[in-house]
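Enquirer: So the protein sequences, as listed, match chains A and B.
Counted the way our numbering counts, the first sequence spans residues 1 to 188.
Counted the way our numbering counts, the second sequence spans residues 1 to 249.
Some hints here could point you the wrong way.
[What the hints assert, rightly or not] Cross-link-like lysine-lysine pairs, in silico, DSS-like; alpha carbons within 25 angstroms at most:
#1 A:Lys92 - B:Lys249
#2 B:Lys214 - B:Lys33
#3 A:Lys92 - B:Lys33
Calculated directly from the structure, the hints in this document are not laboratory data.
On a predicted model such as this, the values are computed, not experimentally measured, just so you know.
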Amino acid sequence: MEIEIQKLSHRFGEKLIFEDYDLTLKDGGLYGLTAPSGRGKTTLLRIIMGLLAPDAGTVTPGVRYSAVFQTDRLLPGRTAVDQLLFVRGGRKDRDAALAFLAGLLPEESLTQPVGELSGGMQRRVAIARALWADSDCVLMDEPFTGLDESTLRHTADFILAKLRGRTLLLSTHQKELLSDYSFDWLTL
Amino acid sequence: MKPAKSPRHLFRGLLIALFWLGVWQAASMLVAKPVLFASPLDTVKALVRLLPTKDFWLSVLGSFRRIALGFFLALILGMLTGAAAFRFRLLRELLSPLLTLMKSVPVASFIILILVWFGSANLAVIVSLIIVFPLIYFATLSGLGSADPELLELAKVYHVPGKRVIWQLYRPALWPYLRGACASALGMSWKAGVAAEVIGTPAHSIGEQMYLSKIYMDTAELFAWTLTVIVLSAIFERAVLWLLGKAGK
Numbered sequence: 001m002e003i004e005i006q007k008l009s010h011r012f013g014e015k016l017i018f019e020d021y022d023l024t025l026k027d028g029g030l031y032g033l034t035a036p037s038g039r040g041k042t043t044l045l046r047i048i049m050g051l052l053a054p055d056a057g058t059v060t061p062g063v064r065y066s067a068v069f070q071t072d073r074l075l076p077g078r079t080a081v082d083q084l085l086f087v088r089g090g091r092k093d094r095d096a097a098l099a100f101l102a103g104l105l106p107e108e109s110l111t112q113p114v115g116e117l118s119g120g121m122q123r124r125v126a127i128a129r130a131l132w133a134d135s136d137c138v139l140m141d142e143p144f145t146g147l148d149e150s151t152l153r154h155t156a157d158f159i160l161a162k163l164r165g166r167t168l169l170l171s172t173h174q175k176e177l178l179s180d181y182s183f184d185w186l187t188l
Numbered sequence: 001m002k003p004a005k006s007p008r009h010l011f012r013g014l015l016i017a018l019f020w021l022g023v024w025q026a027a028s029m030l031v032a033k034p035v036l037f038a039s040p041l042d043t044v045k046a047l048v049r050l051l052p053t054k055d056f057w058l059s060v061l062g063s064f065r066r067i068a069l070g071f072f073l074a075l076i077l078g079m080l081t082g083a084a085a086f087r088f089r090l091l092r093e094l095l096s097p098l099l100t101l102m103k104s105v106p107v108a109s110f111i112i113l114i115l116v117w118f119g120s121a122n123l124a125v126i127v128s129l130i131i132v133f134p135l136i137y138f139a140t141l142s143g144l145g146s147a148d149p150e151l152l153e154l155a156k157v158y159h160v161p162g163k164r165v166i167w168q169l170y171r172p173a174l175w176p177y178l179r180g181a182c183a184s185a186l187g188m189s190w191k192a193g194v195a196a197e198v199i200g201t202p203a204h205s206i207g208e209q210m211y212l213s214k215i216y217m218d219t220a221e222l223f224a225w226t227l228t229v230i231v232l233s234a235i236f237e238r239a240v241l242w243l244l245g246k247a248g249k
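Could you put together the complete structure from these sequences and hints?
Expert: Below is the structure:
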């Protein structure tokens, strides 16, 4: 499903973030979003998801999103597999969720409460959850924060393998580490 | 789960209990008028005298039934109203003066009004309900309001079904508040319920028996009934908190 952002304008107080900004995300496209801190990457993702109403402009309605937020937003005290089952499926999907997660995390960590996992592992749980969910478009806000270079590459491979034809829009400061991947790079 | 108490801890508890029993005994010896201040031994004797009587058990069951009914009605109504008020701001604002009134009007005023309006038969039920309801209502409002906004936002983006959001996000947020409110409300419901019975003297109630003890100047029996209320209140509190703990898991 193509997503069109038209004539987007938004300001925080006196600070202008966007003015008449247009963007088209093609169905199944891979997009990387890069810009210096404070230029509105997170704001743009929040507007696309419908969590923030822009001052002006429109975003294609009716699109189902899944997302990795700036913070991991994991259910406290619950296991990694519980995080996936919260957004899709039920008990009967537990084995499938475990198999899904096993592509990104060590097996022994999957049934541990997420509070006992390292920061990088928690981040990967949040990434797996976004890819496990039913959606038309996956939005990721700095998904590789806290991951070393080899884990980053492994995670990027996992993301591309599990997209299943969905559109991906990913904001990052680590563009150079993703140069091997065929992203269309956008800037603000 | 709480760790089991060590023998040393139990021994210390026993010593503290013995100390206060000693203070009670000393005070009764100092007053030296059993009609004004019964000793622990006189109280135990009165309790032993009461225990095999039918009236004792009828009174205990009568009061327990009324106070527990009032408490559970308040728990259900408080949670439902609190949840509705959390969802609908207008309802919250509408109920605000009523709840402020319920919190600030003296219990004695309620007792007399209910006695005039409804008689004494269900007095303890209504008084217990009126005392407990605001505590549960406000705990529900605060508990639901404490649900993590970031997780609620996540659930919105992912279109997580409402039932799942309630069970997995709101319920864990609500439980600690509800448990705290219940711990206070359980004791208060017994205090207010028995006070209402003393004023209304409904048949087969602890309050009625306390009132009769006062009429006959039988302080030992009054103390024995007081001890009975303390034990019943403690058992009721433990049982309800245990049930809440189970439901909250």
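Enquirer: If a hint holds in the structure, say so; if it doesn't, say that too.
Expert: Right, here's what the structure says about each hint:
For the proposed pair lysine 92 of chain A and lysine 249 of chain B, the alpha carbon gap of about 21 angstroms is at most 25 angstroms, so the pair holds. The suggested pairing of lysine 214 of chain B with lysine 33 of chain B holds, with an alpha-carbon distance near 15 angstroms, which does not exceed 25 angstroms. A C-alpha spacing of about 73 angstroms is found between lysine 92 of chain A and lysine 33 of chain B, which places the hinted pair above 25 angstroms, so the restraint is violated.
This entry does not satisfy hint 3, going by the numbered hints stated previously; all others are met.
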